Amino acid sequence: MKPIFTGFAAIILIGLGSAFILPELGWSSAERQSSENVRLD
Amino acid sequence: MMTRLLALVMTFLLMGPALAQDTAPDRSATGGAQTLEDIMARQAGLAVNDAERRANVGDPDSAAGIAEQFGVLGGVSDPELWRGVRYDSADITVSAGGPVAETLVQSTGMTWFAFREGPLATYGGWLLLGTIGALILFYVARGRILVDGGMTGRFVVRFQFIERFSHWLLAGSFILLGLTGLAILFGRKVIAPTFGPEANAMLLKWAMYVHNNVAWAFILALVMIFLLWVWHNIPNRLDLIWFVQAGGIIGKNHPPAKKFNAGQKIIFWSCILLGSSIAASGVALLFPFEVNLFAKTFALLNATGLPELVGYGPLPEVLAPQTEMQLAQAWHAIVAFVLMAIIIAHIYIGSVGMEGASGAMTHGEVDEAWAHQHHSIWLDEVKAKQQNEAPAE
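Just so you know, the sequences run in chain order A and B.
Numbering-wise (full-length UniProt numbering), the first sequence opens with residue 1 and increments by one.
Numbering-wise (full-length UniProt numbering), the second sequence opens with residue 1 and increments by one.
Isolated chain B, as found in the complex:
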């Protein structure tokens, strides 16, 4: 599913240059203008090679002078000027609106709209439903992960107040952002037909308001959990043992772990990396046309040669301001869907999926038997520290 999603995104990103790179068809019969085949292909919704039209926008430097035969004012004929307008390469000057208003025709709007309404909503929705379905199946097949030999009744402090506060700041804001984001994406498709357009409009107005303002709490919490936990989430050799034993989820083995095991590290780095990416694209959307991320990112990627290595041509390094916003929205939603799926799995394992886990983030303590089973090295470290700190008798 991820491969398909990525392929779709890449298609979306590369549509312009990819089309331009197709082998140009023979248009000698029309003197380079579009042919009947082009018109038929366009009507059938097929890709049309427009490289020649795109490039044929006049060259004032080599044009005949205005007083000469075939000379035109400015050295650019009307068809050439309109092609420049069509492909956003004409030298447009506007009195208001800035660079955004200088783009008179931008082709990616409908591509973005179709992507948002189609593959994004469809695959994103199925990703979340599929994750929930897979977890239900896992629960039915494996059941709750119990603590071997039962609980001891002795507790050990797992997370301090500031850690739990940061976690819930992040969790609460992410759930609000996720629900409002889903409402904004699916409102017209699901809410409007069910509850009517007025209810949908009112709900989405508030959803947008909440989404825009709660974003700052999410960003703050992301910084807090990074500072608090990054040291404990640096990969080490214990993670390999955890992966070999599938984290103890499958089978009876319980691999040793420090404060965080490899599975929790995956959750942590997913939150940090995907969360930062969502935050960056979100800020670009909050302050439209101020922060342009994609042209710069594409230039960096092109410098690595990676796009050509995987079979694509160089990515476009000049993007219309509107295209920047469309890519920011598409990326924001795709990464958010992936993070939501990961967090649904995290919520499952931290609540119904594992006996004794939820206490760590509610009252901050876990049973020693739970700690021994899932974080044996960490428990030993905590006990050794307690013994060292205990007053001598």
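Chain A on its own, in the form it takes in the complex:
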């Protein structure tokens, strides 16, 4: 059962990593689907 939980933990880690790192690099999907003429806030 260990690989199952490790696999699921890796999904969460990669997902969180993507959610935090990509916006820092300006590569989040939200940013890519926007432009300087669109105000998100």
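Simulated from the structure, these hints should not be mistaken for laboratory data.
These numbers were taken from a predicted model, which means no experiment stands behind them.
Take the hints with a grain of salt, since some may be wrong.
What the hints assert, rightly or not - Calculated lysine to aspartate or glutamate pairs in the EDC-like style (CA-CA distance at most 16 angstroms, straight line): (1) B/K383 <-> B/E368; (2) B/K259 <-> B/E163; (3) B/K258 <-> B/E381; (4) A/K2 <-> B/E117; (5) B/K189 <-> B/E117; (6) A/K2 <-> B/E365.
Based on these hints, arrange chain B on the given structure of chain A.
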């Protein structure tokens, strides 16, 4: 069902050029402009041949000069200019927004919307429900596939830790992506009427967030399982025996197999090929208007002559940026539906459908009797290896 789906997709893809290729009707009475029949057909929702309007967007090189009789500024009259805008062939310059903003009118938006809300959701939904129904019927008719003569109680290692980890990384991410993808597609139709629009909006916001970020785990797992298992999934002559004996699922025969039998190879290559296609179209959707896949693919297909061979004209090689995204979404969803149906069957056979199969991916070991029945050559290889590695007494 697949034929119908493909036909619909092809219709969607080819709508523009196909209409343009119809024999042009006689419009001499209106000097080439649209006729009453055209207007009536449009109102009735029928296809209208717009080839002449599409092409009649002015030609500044052969137009009368501005100082001459019938000369117009720029050599293009207002109706010609607006036709160019309508059919996205006018030379538009924008100060912001890039090539995407240069398309002022794009016709495929409503076609895509109608396809997504209609055939995609309907046929996709029925494909999944039909697969589940067929598996229930199969279970009722055939029952669980048991190990002949019972288990031995002796176990053999089937999958190492890294193999099981990669499998569950792929499985977990695919299930999350599948569920969130279905929620995004069916949210407005199913969730909103049942739980209200606010609940639907909140759920879909999180579904989109999960879908966008879990995608990377799926792509990584896809690469891992490819590297780990591709060598074992190369087709060989044993696969033919497996197909002849229907994999031992129907009847009492159990065809010999190495580590993976032909059925498992189908699952593997489905994951790799369909999964890669879903990943490529998914990345195109994650980074919109950066990756344009379809115009290039269509150009490649046209070079092979395949579209004309199956009765279609050449596929469009110039697509509006928005059309690229619409095709990416439609393709992403169609291929995902097919892969989901295949994976539902895989989950069935790996759990309730077959006695002794689930242990391979949970604790990594299978009973020798199970291994002998389903992977006899692989078991012999493992035993021979164990004997060679055993210390001499």
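Hints versus structure:
1. B/K383 <-> B/E368: 10 angstroms, holds
2. B/K259 <-> B/E163: Within the cut-off at roughly 13 angstroms; holds.
3. B/K258 <-> B/E381: 9 angstroms, holds
4. A/K2 <-> B/E117: Given pair A/K2, B/E117 is violated - Cα atoms ~41 angstroms apart, limit 16 angstroms.
5. B/K189 <-> B/E117: 9 angstroms, holds
6. A/K2 <-> B/E365: Status holds; Cα separation ~13 angstroms.
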